[in-house]
Each structure stands twice: as structure tokens, then as C-alpha cells.
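*Asks:* Chains as they are written, first to last, in the numbering used here: chain A, 557 to 729; chain B, 9 to 311.
Treat the hints with caution; some may be incorrect.
[As the list claims (entries may be wrong)] Under the rule of at most 35 Å between Cα atoms (straight-line distance), these lysine-lysine pairs were calculated in the DSBU-like manner:
| hint | chain 1 | residue 1 | chain 2 | residue 2 |
| --- | --- | --- | --- | --- |
| 1 | B | 142 | A | 673 |
| 2 | B | 129 | B | 142 |
| 3 | B | 77 | A | 673 |
| 4 | B | 19 | A | 680 |
| 5 | A | 673 | B | 301 |
| 6 | B | 257 | A | 591 |
| 7 | B | 19 | A | 673 |
[To be verified] Here are the computed distance ranges between Cβ atoms for each label pair:
| hint | chain 1 | residue 1 | chain 2 | residue 2 | range |
| --- | --- | --- | --- | --- | --- |
| 8 | B | 73 | A | 722 | 54 to 64 Å |
| 9 | B | 102 | A | 624 | 21 to 31 Å |
| 10 | B | 109 | A | 708 | 27 to 37 Å |
| 11 | B | 73 | A | 692 | 44 to 54 Å |
| 12 | B | 101 | A | 610 | 25 to 35 Å |
| 13 | A | 727 | B | 109 | 15 to 25 Å |
| 14 | A | 708 | B | 102 | 29 to 39 Å |
| 15 | A | 726 | B | 221 | 17 to 27 Å |
| 16 | B | 101 | A | 624 | 33 to 43 Å |
By construction, these hints were calculated from the structure, which means they are not laboratory data. For clarity, every value in this text was computed on a predicted model and none was experimentally measured. Note that the Cβ used here is the ideal one computed from N, Cα and C, for glycine as well.
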Amino acid sequence: MIPGILISILTFPGVIVHEFAHLFFCKMRNVAVFKVCYFQFANPLGYVLHENTTNFNTTFLISMGPFFINTLLCLLICIPAFIPVNYFGLEHPLSYFLIWLGVSIGMHAVPSNQDAKNIYQQAKVEVQNRNILAIVSFPIIGLIYVFNILRFFWADLAYGVAIGVGVPSLLFN
Amino acid sequence: MEPITCFVCKKENVPFEDAHEINKAHYCTECVEKETQTEPTTEVGPDDTLNESVCAFCNTEHEGKILPKHSVYPICDNCKTDLDKSIFPLWVKLFFAGVLALVIFSIFWNWRFFSAYNDIKKSNSYYTSADVAKAAGYMQHAAENVPESKDVVAMASYFTALKLLQEDKSAAALVELEKCKDLPEESFHINQLTLQAEMGVGYDTRDYNLFLKAAKDNLQLDTTQSYAWASVASAYACLYAQKGADSLKTLALRNLKTAKSIDSVSAEYKEYSGRILYRLNTKNIINKQEYDKLYPNGYTSNF
């Protein structure tokens, strides 16, 4: 079994982007940030320390930020590299580097259990106010927890490959 | 990571993942939440005074100056600058600048592949709608963009060859077909097309023996096609017109009869057989345009 830390080292750009995504949405929603760790050789691999907010939309955006940013960046990086390799069969080191970078970033797109927990804490209150996003967030939280269990079976790699390779192959078949 | 002890409530063994570090002091989640959800008091926080003129991060007093706040904590300019630097350090900025530069470079670098991909899609679409000329044009453009792709270059030659065959430019078609002979025969029928081009070259250069040889080889590939039999008849008819030997005329008529037994009703057969019969009856070899001009309603002769 390959240790998780080794996978994290191999895919470190994804961790950096993941934490940056949290930071980005904190800044966007004017949430004060106290500390950011972009990468460390420990669990958690990275974290963002920020003030609490009672605004559910803000909490949702901050927690789900990596999903949006990492997924989008994964696509943006992989698509240009994908066409020459897959469609034209032309292998170039730069293409493979970009695919590694894109998939690494995509692998860390799904929020952590702590992120899901942050959403859940507020969602269960907000749902009483019939907040649509809070209602929608419950299945999302469930999916995040399931996904994080499935990380043991390389679900993160599967997601990265699905976004970085699968989506371009659907777009450019 | 080792468990920590909360700076405020002194709770011990707080798991690292539930801990928060502010201004080099550790806090449990409960204390941080309590602090960040309430108005600042003098009881809790990174600095236990939270005086509005005392920076909560460096504890420096700025007399008479109300400091801006970071969350609920007064913060001096220096600490704000340091905090900003620590939150978004230079190496992270460089990392993102590098990623962004790489993405932009990659898009420009690979743009010719996007372009070629679009051209191929258009080319295939025109080919499906039987517009071979446009299909050849787009595929040729794709091949110019991606010259290192042998398949695309071969497809460009293939479509160009089809276009040239349609235009009765057999010699030029033959050159293009030579470039795409590696394409799979079962899908592209390069041998058959090459023989058709050779027939055309033989006809155009009045090398009717070449025409006959190619027509016979073409017939060997598929004896169920009326056109293949008629091509052999046409070659014999040309040789008859050139040499005048009756045996050649007999062979031409025999092959034409077989072609007729397979297909006697199609417009293509009627047009082709009319030209062959005209050739056999007059020993005059004329091209299609001349024939159409002379016999717009076709030429008929019983045999």
C-alpha cells in the first residue's frame, strides 16, 4: 500500500490550490483569515484558519471552494494537453507534465470531512429557515463523507482522472 | 501532530486538527468560535486586553490611535503587512503565477491542435455530405497545422485524391494516393482507388495497355461490380479504336455484356456503355465532355 503522505508529495500542487481556494473565498466574502498552511508533511496536509461566519452561503462557499477552483483549474490545464496526446497521438513531455499538474490539482478538489462538518453545523440550523442551499447541501455533505472514505480506494485519483482526462475525452472525441 | 493545550481555557489534549494557532498561541475550537462570534472583550483573545489602541498581534500600544481590526482584533499596520505576507506568501504567488503562465502558454502552444481538431470535424462532416472538395480543403488545413501527425497527413492526401479523381485528374490523384497507402485497405480501399487512377492515367496518356492492365486488376478485386466489367470493356474499346483488331472489339463487347447483366438500368451504366459503344462503332475516342455535347440524350447501339 502506498502511504498517503507519498501521494500527497506527488500531488502537492493540488494541496496548495485547495488551501488557496479556501483563502480565495474567505477574501471574496470578507472573512478574516488568521493563518494559512499551504502544505505540510502531516495530517492535515494544509489548512486555513479563519474567523467564523454566521452566513451560511459564505460557509458553503469557503468550504466548497476547492471543489470549484480545483476542478476548473484541472480542466483548464488538462484540456490543452489532452488533445495532442489523445486525439493526435503526439507525445510531448510538456503535455504529460500538464496532465500530471492538472490531475494532481483535480485529486484535491473534494472538500475534507472538516469542510463538510463546517457546512453541516450551519446547514442544520439554516434548513429550519428553508434555505434552499442548506437543503441541497445535505446530500452534498453525504457525498463528501462517502468520497473521503473512498479515498482509501483511490477515489481522489479517480476524480482527478475523470475531470482531467474523462471530461476532455467527452468534449473532444 | 501533538495535542495542544488551549491558551484560554487551559483545556489539555486538544487534538491538533481541532486546534487553532493565532499569534503563536494555540486555542481550542470552542474558544475561537466563542471569541469570533461575540464582541471583543477583555477576557479572551490572542491578547487578553483587546484595547482598541493595542495591537492584538504584537501587543504594541499605539497611543491615541484606534487601530483597524482584523476580525475583532485590533491590528497595527506592521502586523497587517506581516499577516498578509504570511497568508499569501511570495512563493505561493510565484506558484500561481507559474501555473497561470503555464496554462496560457499551453493554450497558445497547443492552439494548432485545437484548430486542426476543428478542421477535421468539419472535414468529416463535409465528407459525410459528399462534398469531397471542402472535406479535402479542411483536412489539408489540419495537416498543415499538425504535420507531425501521419494519420492526418494521410487523410489529407486521401481526401485530396478523391477530389482529384472526381475532377478526372488521375495523375495528380495517383501522387496523393501514394502518400496515403498506409491507411487501412478495408476502410479506405486505396488499392482500388489507385487502380482507378491508373486507368485514368492510361486513358489520359493514351497508354491503353496500362488502362487495360489496371482495369483487369480492378476487376480482380471485385467481379460483382458492373463498373469494373465496363472498365475492361472500355479499355478494350480504346485498344480497338487505336489498333483496329476485331478481336479487341469482341473482347470489349463480351465484357460489356457481362457489365449489362449486372446492371443495365443505372444512369452511370447507360452513360458509360454509350461511350464504349460509340467508341467501338466510330473508332473515335472522345472524352466525357465531348460525348455529352454530341449526345446529350445518350448513345445507343444494339449488340
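*Asks:* Compare the structure with each hint and give your call.
*Replies:* Now the hints, each set against the structure:
no., hint, result
1, B/142 / A/673, "violated, 58 Å"
2, B/129 / B/142, "holds, 12 Å"
3, B/77 / A/673, "holds, 28 Å"
4, B/19 / A/680, "holds, 28 Å"
5, A/673 / B/301, "violated, 85 Å"
6, B/257 / A/591, "violated, 97 Å"
7, B/19 / A/673, "holds, 22 Å"
8, B/73 / A/722: 54 to 64 Å, "holds, 57 Å"
9, B/102 / A/624: 21 to 31 Å, "holds, 23 Å"
10, B/109 / A/708: 27 to 37 Å, "holds, 36 Å"
11, B/73 / A/692: 44 to 54 Å, "holds, 46 Å"
12, B/101 / A/610: 25 to 35 Å, "holds, 31 Å"
13, A/727 / B/109: 15 to 25 Å, "holds, 24 Å"
14, A/708 / B/102: 29 to 39 Å, "holds, 34 Å"
15, A/726 / B/221: 17 to 27 Å, "violated, 50 Å"
16, B/101 / A/624: 33 to 43 Å, "violated, 21 Å"
The structure shown violates the earlier hints numbered 1, 5, 6, 15 and 16.
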